[in-house]
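Those sequence lines, one after another, are chains A and B.
Under the working numbering, the first residue of the first sequence is numbered 1, with each subsequent residue one higher.
Under the working numbering, the first residue of the second sequence is numbered 1001, with each subsequent residue one higher.
It should be emphasised that the hints constitute simulated quantities derived from the structure, not laboratory data.
There may be inaccurate statements among the hints.
Straight line, CA to CA, 25 Å or less: simulated DMTMM-like cross-link-like pairs of lysine to aspartate or glutamate [as the list claims (entries may be wrong)]:
#1 K1128(B) x E1013(B)
#2 K1112(B) x E185(A)
#3 K88(A) x D1135(B)
#4 K1020(B) x D3(A)
#5 K6(A) x D1004(B)
#6 K1128(B) x D184(A)
#7 K1114(B) x D184(A)
#8 K1131(B) x D3(A)
#9 K178(A) x D1027(B)
#10 K174(A) x D1127(B)
#11 K11(A) x E1132(B)
#12 K1114(B) x D12(A)
#13 K1156(B) x D1053(B)
#14 K1006(B) x D1053(B)
#15 K1112(B) x D100(A)
#16 K87(A) x E185(A)
#17 K1020(B) x D100(A)
#18 K40(A) x E173(A)
#19 K1152(B) x D12(A)
#20 K1112(B) x D3(A)
#21 K1114(B) x E96(A)
#22 K11(A) x E1013(B)
#23 K1020(B) x E4(A)
#24 K1156(B) x D12(A)
#25 K1114(B) x E110(A)
#26 K11(A) x D1127(B)
#27 K1152(B) x E173(A)
#28 K1114(B) x D100(A)
#29 K1156(B) x E181(A)
#30 K1156(B) x D1117(B)
#31 K1114(B) x D175(A)
#32 K1152(B) x D3(A)
#33 K1006(B) x D1027(B)
#34 K1156(B) x D1027(B)
#35 K1131(B) x E44(A)
#36 K1100(B) x E4(A)
#37 K1128(B) x E185(A)
Since we're looking at a predicted model, the values are computed, not measured.
Each chain, written out:
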Amino acid sequence: MDDELKQLWNKDTSAENSVVDMSAMDSNKRSDLVYRIYKKLRFEHWFNIAFTIIFTAYLVYRENFITATIVMAIMLVIILYYHTLIKKVKNQTYTESVSDYVKDICGHLESFIKHYKILCYFLMPVSIYVGISLNNDLTISEILNSPKRIAIIISAIVFTIALVLFILRILYEKDVKKLREMIDELS
Amino acid sequence: MQIDPKFNQLIDENKLLIQKVCRVYSDNQDDFLDYYQEVCIQLWRSMQSFRGDSAQSTWVYRVAINTCIGQLRKVKRKIDTTPLEGKPLNIPGEADNPTKERLDLLYQSIRKLKETDRALILLYLEDKSYKEITDIMGITMSNVGVRINRIKAQLKGMING
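Whole structure, please, built from the sequences with the hints as guidance.
Dropping the structure here:
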């Protein structure tokens, strides 16, 4: 049976004349998981930079210097985190063993999911608070003294976190599960 | 775009090898062309890092298998070189050739296996030594032996019904 299988396999000797699209060599048409993560991160990175500049300028224009400083400090940490993550994903090679490669891409995907969770748990409440306080020119004590406002903020935070976690589950849980299964098979 | 002649030579020398890897990971002709394209892109991008520490075929197998496994999800995107959509996977040869039918059955059976098992049986069928399979897959030699025997029994069951 073994020889029979190998004999049959070796009869597949004629290669198709598949033409490689050379324009895709510039990487704009790649579709593998690592590149999809890289593309999303890069887009978010530039969005974060643009958002930080515009929003800080707006806060300074409104003479809200304390909030501007807090926003700048938070966004700087996030931008540096993105920079590190992008560098790690960009340097991913395909020449290592299959086992190492699967571990690497699983690690990238888990970091990618983790960064959304960090944003979700940390940045969402901050941005909701900043949004509400800017719209109504309210101070922290004014917000904390209004049970209705607190209830609205908490509901918005819970809803946002639940939505983000649900989306992450739908989009990536299957891929992480599959990669973990592969790691188990290869260990 | 200017393509290095060394790259064209690399593809020419390893075309069949790349196509076999792509065939075991793709269900139809569209996916096959996508995978082939992706593998060529990754070989192109990885070419400069190849220092000859391992055999060229080991390197090509690693890039090809990693690229196919790394797709994870079917991505339906249009490639200029795709002649027809949704066409069944084409293995070159005469249409009514019984060998082609048996080859089709073998590929279909391999495609029913888990991703990592497909790579292992492909390397076994390509007559790679356990040492080479270990280098490509990054698993222990004893694990290779055990798993290949299990996959062979599984394939046998599938092919013989």
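Results for each hint:
1. K1128(B) x E1013(B): holds (17 Å)
2. K1112(B) x E185(A): holds (16 Å)
3. K88(A) x D1135(B): At roughly 24 Å apart (the allowed maximum being 25 Å), D1135(B) and K88(A) satisfy the hint.
4. K1020(B) x D3(A): Holds, because 18 Å separates the two Cα atoms, which is no more than 25 Å.
5. K6(A) x D1004(B): Judged against 25 Å, a Cα distance of about 35 Å means the pair is violated.
6. K1128(B) x D184(A): holds (23 Å)
7. K1114(B) x D184(A): Answer holds: K1114(B) to D184(A) is near 12 Å, not above 25 Å.
8. K1131(B) x D3(A): holds (20 Å)
9. K178(A) x D1027(B): Holds. K178(A) to D1027(B) sits at ~18 Å (cutoff 25 Å).
10. K174(A) x D1127(B): violated (34 Å)
11. K11(A) x E1132(B): Distance ~22 Å between K11(A) and E1132(B) Cα, so the pair holds.
12. K1114(B) x D12(A): With Cα atoms ~22 Å apart, K1114(B) and D12(A) stay inside 25 Å; holds.
13. K1156(B) x D1053(B): violated (36 Å)
14. K1006(B) x D1053(B): Measuring from Cα to Cα gives roughly 18 Å; hence the hint holds.
15. K1112(B) x D100(A): holds (24 Å)
16. K87(A) x E185(A): violated (29 Å)
17. K1020(B) x D100(A): holds (22 Å)
18. K40(A) x E173(A): Status holds; Cα separation ~17 Å.
19. K1152(B) x D12(A): Satisfied, since the Cα-Cα distance of roughly 19 Å is no more than 25 Å.
20. K1112(B) x D3(A): Judged against 25 Å, a Cα distance of about 21 Å means the pair holds.
21. K1114(B) x E96(A): holds (20 Å)
22. K11(A) x E1013(B): Holds, because 18 Å separates the two Cα atoms, which is no more than 25 Å.
23. K1020(B) x E4(A): holds (18 Å)
24. K1156(B) x D12(A): holds (19 Å)
25. K1114(B) x E110(A): holds (22 Å)
26. K11(A) x D1127(B): Holds: K11(A) and D1127(B) sit about 13 Å apart, inside 25 Å.
27. K1152(B) x E173(A): Given pair K1152(B), E173(A) is violated - Cα atoms ~31 Å apart, limit 25 Å.
28. K1114(B) x D100(A): Distance ~18 Å between K1114(B) and D100(A) Cα, so the pair holds.
29. K1156(B) x E181(A): holds (24 Å)
30. K1156(B) x D1117(B): holds (14 Å)
31. K1114(B) x D175(A): It holds: about 14 Å lies between the C-alpha atoms, which stays within 25 Å.
32. K1152(B) x D3(A): holds (11 Å)
33. K1006(B) x D1027(B): violated (31 Å)
34. K1156(B) x D1027(B): holds (20 Å)
35. K1131(B) x E44(A): violated (43 Å)
36. K1100(B) x E4(A): holds (14 Å)
37. K1128(B) x E185(A): holds (20 Å)
Comparing the model with each numbered hint stated earlier shows that hints 5, 10, 13, 16, 27, 33, 35 do not hold.
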